[in-house]
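Q: Here is how the chains run, residue by residue.
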Amino acid sequence: MRIVFEKRESISHWAVVLVPIISFLVSLLFGAILLLASGVDPLVTYQAMAVGTFGSWHSFTETLVKATPLLFTSLGVAIAFRMKFWNIGAEGQLVWGGVAAAWVALFWSKSLPGWTLLPLALLMACVAGAIWAGVPAALKAYLNVDETLTTLMLNYVAILYAKNLYYGPWRDPEGMGFPGSAQFPAAAWLPRITGRVHLGLIIALIFAFLLWFAFNRTRWGFETRIIGENQTAARYLGINIKRNIVIALLISGALSGLAGAGETLGIAHRLQQGLSMGYGYTAIIISWMSQLNPLAIIFVAVLMASLLVGGDQIQIMMGLPASVGVVLQGMILIPMLAGGLFTEYRLRIVRTPKIEEAKA
Amino acid sequence: MIHQLLSLSTIVGILATAVRLTTPFLLAALGEMFAQRSGIYNLGVEGVMMMGAFGGFWVALVTGSAWLGILAAMGIGALMGLLMAFISVTMQAEQGISGIGLYMFGWGLAGFLFRLTVGYITSIDGFKPIAIPLLSDIPVLGTVLFDHNWMVYFALLMVPITWVILFKTTWGLKVRAVGVTPEAADTLGVSVARVRYTCVIIGSVMAGLAGAFLTLGHTNMYADNITAGRGFIAVALVYFGRWNPWGILGGAFLFSFVDALQLWIQVLGLNIPYEFAVMTPYVLTILALALVAGRIWEPAALGRPFDREGG
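Listed in order, the protein sequences are those of chains B and G. So the first sequence is residues 1131 to 1490, counted in the working numbering. So the second sequence is residues 1142 to 1452, counted in the working numbering.
Hints listed in this document are in silico derivations from the structure and should not be mistaken for laboratory results. Please note: incorrect hints may appear among the correct ones.
[Unchecked claim] Derived contacts from chain G toward chain B, CB cut-off under 7 Å, selection only: (1) 1237; (2) 1245; (3) 1256; (4) 1370.
Quick reminder that beta carbons are idealized off the backbone N, C-alpha and C, glycines included.
Based on the provided sequences and hints, a complete structural model is requested.
A: This is the structure in structure tokens:
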């Protein structure tokens, strides 16, 4: 008797839904063991996290504040991942978006009418993010350079560059030594909706619906899907793979750029430390959990945001490290990847080793 | 500015630092070379290094023995390697993303455990340099090459050792076969899964050691993000070194030289913003990858899961 994996006739829709849910539970279980080992009651901790994120209107708006950059970056990552282009660089693209938006807000306000500042800042954020994703895309498409490494390396470059700006040339002379730029003129702020939730959330939601439509109902969606699933087939169909990769990554980077613009124009109102919070990495988990479905991404982004806000809450309330949230996130991806096999295969116990007969 | 960098004592200092900083790159990259030679692309090296750096540091802090720290880092590396092998070999998951999962897991866990157990910057007794008698008395060369702690010598020795293992032993032949044509190796009775598990675990143990070097043999303390992307650079070095220990040695030295140079630029207080100095290894990685792209041979089955049923 032995256990074998057997390919399913079609993918299991149960597994598509169940694997992310089970993975989430596994990560909670692992987190509970970790908390128990460190002498804390996991149930109390999880309850504090839940109350801290969904317990009141105020805490829920804070969850939405964190969900906004996660939504943008996850959508961006999903576009790239559909083509099996592993864009690990959403973090750097986000940082560049924040820097470009800050550039417009800080230095263009004197020479331009106020109402043009915000749209221009958003546009430049898109352009900056797109360039930062476009470079590794072009390297991959035309020179076949491994994209995981280039996008990763560019994260470090972007973060260091931004740091140089707010510690150096862009530092506010009246900031009393605080590392950050001067405050942007109010004309460049993204309008707030409720609490600290800003217009960026609405823009991100619009993009989620647009992308869902584009993925499922347009020729572009079809072409990018085929490239991801089977490059040989894509070539036979006459699809231009190189151009598609570059275009998709420009859009991917632009969305992450908007995430950065939202953080600077909508929340901090200056370029300062804390722009790079690891959202670009969390985005990878979110889009994977959502099976790259833009509508599912909305919900998973809110869930992941609640882990981050919950982590902050238990740090304030219970003195536990906020990185509990990050540990839980990191732990979700692993069972999910392992469980991915079950969508295409099923476990079967074979009693007799006569495989030839079973196949016939 | 230039004359500051060109004085003999500075040059010797930079070269000696470069030789020392080759260690984490070499250990991690030589380990990753085994994984990739067997067909598994383990991008999680950075996360393993972080856990190795923290685990080694913490055990050394608690027990007062850096050697126990080394053992802990190797054990952590083995466990994380087992996890990566399970996901990528048994469960046949997408390897690039699995590595990122392993990285995030290591990153989050190391940060969490550090805050929970220590929480502040404190230093430990790390490994002391061992001057090799006679050789370390040679002017210039002696200081550059023969006055380091044991981990530096160990990492350099691993270059010929891994070369012999990979190219002169039956097991090395199996590893290379599994990475190129797993189907053929399987037909000849080689267990593809077993070879891949072994290689990923070896690689991960070495990544754990590379991380432990940073805390036990370099800074003698732990701080968040202490690995600073060195694990990712090590993965790039495997490409750059064309899956060959000697090539990896060359690449590792080039990178550690740049690393040492940027450290010395900061030490000497030269008029270059420190962020730009720190940035150079990352930019260099991208340039190096672009430069060798398209003109390199790579293990044909790299990144491709092997399924015996042929599914």
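Q: Next step is simple, just say for each hint if it's right about the structure.
A: Hint check:
no.	hint	in the structure
1	1237	holds (4 Å)
2	1245	holds (4 Å)
3	1256	holds (4 Å)
4	1370	holds (5 Å)
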